[in-house]
Amino acid sequence: MVLSRATDSDGSIHSTFASRYVQESLPRFQMPERSIPKDAAYQIISDELMLDGNPRLNLASFVTTWMEPECDKLIMQAINKNYVDMDEYPVTTELQNRCVNIIANLFNAPLSNEEEAVGVGTVGSSEAIMLAGLAFKRKWQNKRKAEGKPYDKPNIVTGANVQVCWEKFARYFEVELKEVKLRKDYYIMDPVKAVEMVDENTICVAAILGSTYNGEFEDVKLLNDLLLQKNKETGWDTPIHVDAASGGFIAPFLYPDLEWDFRLPLVKSINVSGHKYGLVYAGIGWVIWRAKQDLPEELIFHINYLGADQPTFTLNFSKGASQIIAQYYQLIRLGFEGYRNIMSNCAANAKALADGLVRTGRFDILSKEVGVPLVAFSLKDNSKHDEYEIADHLRRYGWIVPAYTMAPDAQQVTLLRVVVREDFNRSLAERLVRDIEKVLHELDALPSKLVTEVTASLVESHPELKEVKDIDIDSTKLNSCHVFNEVLNSQKAVKAWKKFVAQKANRVC
Amino acid sequence: MVLPTAAESDNPANSCMFASRYMQSPLPRFRMPEKSIPKDAAYQIINDELMLDGNPRLNLASFVTTWMEPECDKLMMSAVNKNYVDMDEYPVTTDLQNRCVNMIARLFHAEVEDGDQAVGCATVGSSEAIMLAGLAFKRKWQNKRKAQGKPYDKPNIVTGSNVQVCWEKFARYFEVELKEVKLREGYYVMDPKKAAEMVDENTICVCAILGSTYNGEFEDVKMLNDLLVQKNKETGWNTPIHVDAASGGFIAPFLYPDLEWDFRLPLVRSINVSGHKYGLVYAGVGWVVWRSKQDLPEELIFHINYLGADQPTFTLNFSKGASQIIGQYYQLIRLGFEGYKLIMENCRTNARYLTEILEKTGRFTILSKDVGVPVVAFSLKDKSLGHDEYEISDHLRKFGWVVPAYTMAPDAQHVLLLRVVVREDFSRTLAERLAHNIEEVLHEFEALHPKITKVVKEILVTEDEKNDQVEAKENSKKTHENRRRGRQARHPDSVDKTKGIC
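Line by line, the protein sequences are chains A and B.
Residue 159 in the working numbering sits at position 159 of the first sequence; the count goes up by one each step and never skips.
Residue 398 in the working numbering sits at position 398 of the second sequence; the count goes up by one each step and never skips.
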């Protein structure tokens, strides 16, 4: 604890904004030599952070941005607890175990009444997926070793619409990623194609409940039935993992009859993000296994932590305990009815937003009604202005609404996506529709992007055009201006057009 | 946002916290409850249960920070709803991370020009940092071997057996063999000579620890570097070094600036440090920095189109809170070099003081060195007392202290020790109180007349065994064995290889 020095009581420093610290720019590359008073440090950083976006207007993210003040209080109190000190904080550890049990039962894990579920709290779905993938890889390797077959080329079958963490898993853990390509109007993994792609080296098939692109649920039941069939023929026993990062806290409440979880026999593990529709701040996910046998014992570490033995299977070690406590708070505070009410609200708001957009007559809705409450929409006609421009213009009103290209092989489709979280209420939805209409009017008045691009490249390559007087008379005269004509037909113009039209595939999150 | 229903606000019995019916029903443990409960009830119930958790500040086992200034708490709380990975949405937060990477890389003398961005990233802790660094080494080595046309399926890593468990995790999860240099009595860190001997063509890197978890000692990275430079010249393998400076990275630059352990040594290619240890931030932030761009293979970096902007990311975790990163930046500019130096000097002084008092009792051998992380590791001189370090640890709990007892890593696992970590918030007064309590515990043991007790025990145990043979077929045999086994279970001989300390 640094005690204040004598010089700190210097009068000129007392007023935060008069202090000399606010005049100097903050160090960016080298650690500063001297200390500064704590209120100055607080104020400077706080002021700079004002330029960060407002988390609640970020309609791109699924991640929770608001919790009740009571929960904030609990989080703050637990901020100095290192979650991994299980012996020191037994209650916190117990709360994690309760969450695992509750979530496993929510997913209909085949447990007897008082049996402990197999699962763990993670920092997010990325870690959860890596752990689940590791378990599948190790099980498959052990099986192949026992059969005396090669085990050096594992692969995993998913849709091309997977979130980037699956590619990370594949790249870091040296598993081949076999992607089922999408096609126009079918933006999720096709179970029939997926099953065809399964071979003896497939460690598992990953289905997504709540695709990142348009919130749709993949047909896990169909996948399960087809895979059962194939397994009977081949004897490979290929399992399924369900990436329910967003859908895991939607489906049980809104669509309880939809069979996607452990009710299907081939589903061996499920991950869900506590920080998405689990309604907790960023930094918590859950992975649940069907049963003990689905998690190879050799992956579990037994730590002698502070004298007590405990098993751990995570990639991260020390981390804050706050989010685990917050997740438990939400589970008992809201209960089943609370979650159901909130998710119904979200679905209703999403529908209202979709209806509003349809009424403008300019958009196609790409998201389905059954799915995660988000609205994915694209322009019916994007030849003059595209979705990226809409996203840009909406920023001026404060909204963050991202524009993406669809995953291969549907990357010619561009779309905008609005995620409806708990704190996105009906009035905000209506305001957004109005602002989108304003943006459309603005864009209609502007020349199309193609024209702007071509003009810009023309002027850049032929600055003498600015001098030619005929141009600013009217368009009939343009054709008589031979310089202009020549240039318009030249290579440069064609190049600019081509550049505009070529869409770079980009990944969405 | 769940609005209270009419029924909740009607019943006056619900308005008094402890009279409400929610206090009478036990909290659900296996299934989600059907109904909601009011938020203040939820808060109170969980808060009350958490009272039974230990007090983080009395946890002398952990290196992880347990106190920060209220101003920083305020900053962190206001950032709790920011998802750090939304780089386009929170550009300032992302910039703060980059500044921290720059400062830490330069603190470690990384090869980076003035004004250039250093290569590194924030992680959730040293575990993730080590996995990323290890991955980078593995991939570089594989690429090199492929180019040479040699087999690349058996990578290994050379470390001391005193490594923290996350290295074993890395080895097991990423299928790299762990070649451990065993310790020996009196030498509790990795021997650089033995390490260099163990290096072969499949070694992706040698890992040295700056601040061993067991006794806080710094490994001799300079000697390792010099030996390895020599060996590399002979073999042409170009084996690099990684320094696990999880605890030592924020100690050495301030207390021992002339100690060469970082990028000043040419073979050191990456370093990890825990922001949440002596970086003085709450749990949840670590840093990994690479010497230069070439040390991080481009193919491991993902380019995400996040909300329309391209950014490179190389982490295992994706979404996570932004608070700790902001907390780290706050500490770096609030304290500056002089602040950190003062704090570390304080810690060292308090550690020395505790060491002196323990030595004065005449009952303990000190296993930690003066140069190292401010940790006091000690073990009993006289083992014949019949009481071991585990019992001292147990008895200290009565006073509220959590002081863990461990066995040393192989091949010195017959050595038991206690370890006290001196953090920023462990003042001299607390050191005095701890020493006082330890002496009280020793007096308690003496009052039990250990030598006589031992003899009595032996007699009774023999009696027990005779009885056991008689009752061999009955169930009560199990209870006798458990009573005896209770002590033996923690005996060094029964230590499992997969167990490590942290």
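Hints in this document: simulated from the structure, not taken from any laboratory.
Check each hint, because a few of them may be wrong.
[Said to hold, decoys possible] The list that follows gives simulated cross-link-like pairs (lysine-lysine, BS3-like), each with its CA atoms no further than 27 angstroms apart:
#1 K369(B) <-> K179(B)
#2 K178(A) <-> K369(B)
#3 K369(B) <-> K153(A)
#4 K231(B) <-> K153(A)
#5 K39(B) <-> K145(A)
#6 K73(A) <-> K233(B)
[Said to hold, decoys possible] Just some of the chain A residues that point at chain B, by a computed CB distance under 8 angstroms:
#7 Y42
#8 M86
#9 I102
#10 V164
#11 V192
#12 E196
#13 M197
#14 V198
#15 L440
Glycine is no exception: its CB is placed at the ideal position from the N, C-alpha and C atoms.
Going down the list of hints, with the structure as the test:
1. K369(B) <-> K179(B): holds (26 angstroms)
2. K178(A) <-> K369(B): Distance ~53 angstroms between K178(A) and K369(B) Cα, so the pair is violated.
3. K369(B) <-> K153(A): Answer violated: K369(B) to K153(A) is near 48 angstroms, above 27 angstroms.
4. K231(B) <-> K153(A): The given pair, whose Cα atoms are some 35 angstroms apart, is violated under the 27 angstroms limit.
5. K39(B) <-> K145(A): It is violated: about 53 angstroms lies between the C-alpha atoms, which goes past 27 angstroms.
6. K73(A) <-> K233(B): Judged against 27 angstroms, a Cα distance of about 59 angstroms means the pair is violated.
7. Y42: holds (4 angstroms)
8. M86: violated (11 angstroms)
9. I102: holds (5 angstroms)
10. V164: This interface hint holds because 6 angstroms falls under the 8 angstroms limit.
11. V192: With a closest approach of 30 angstroms, the V192(A) hint is violated.
12. E196: For E196(A), the interface hint is violated, since the closest Cβ of chain B sits about 28 angstroms away, which is over 8 angstroms.
13. M197: violated (23 angstroms)
14. V198: violated (23 angstroms)
15. L440: violated (19 angstroms)
Comparing the model with each earlier hint shows violations of hints 2, 3, 4, 5, 6, 8, 11, 12, 13, 14 and 15; every other hint is respected.
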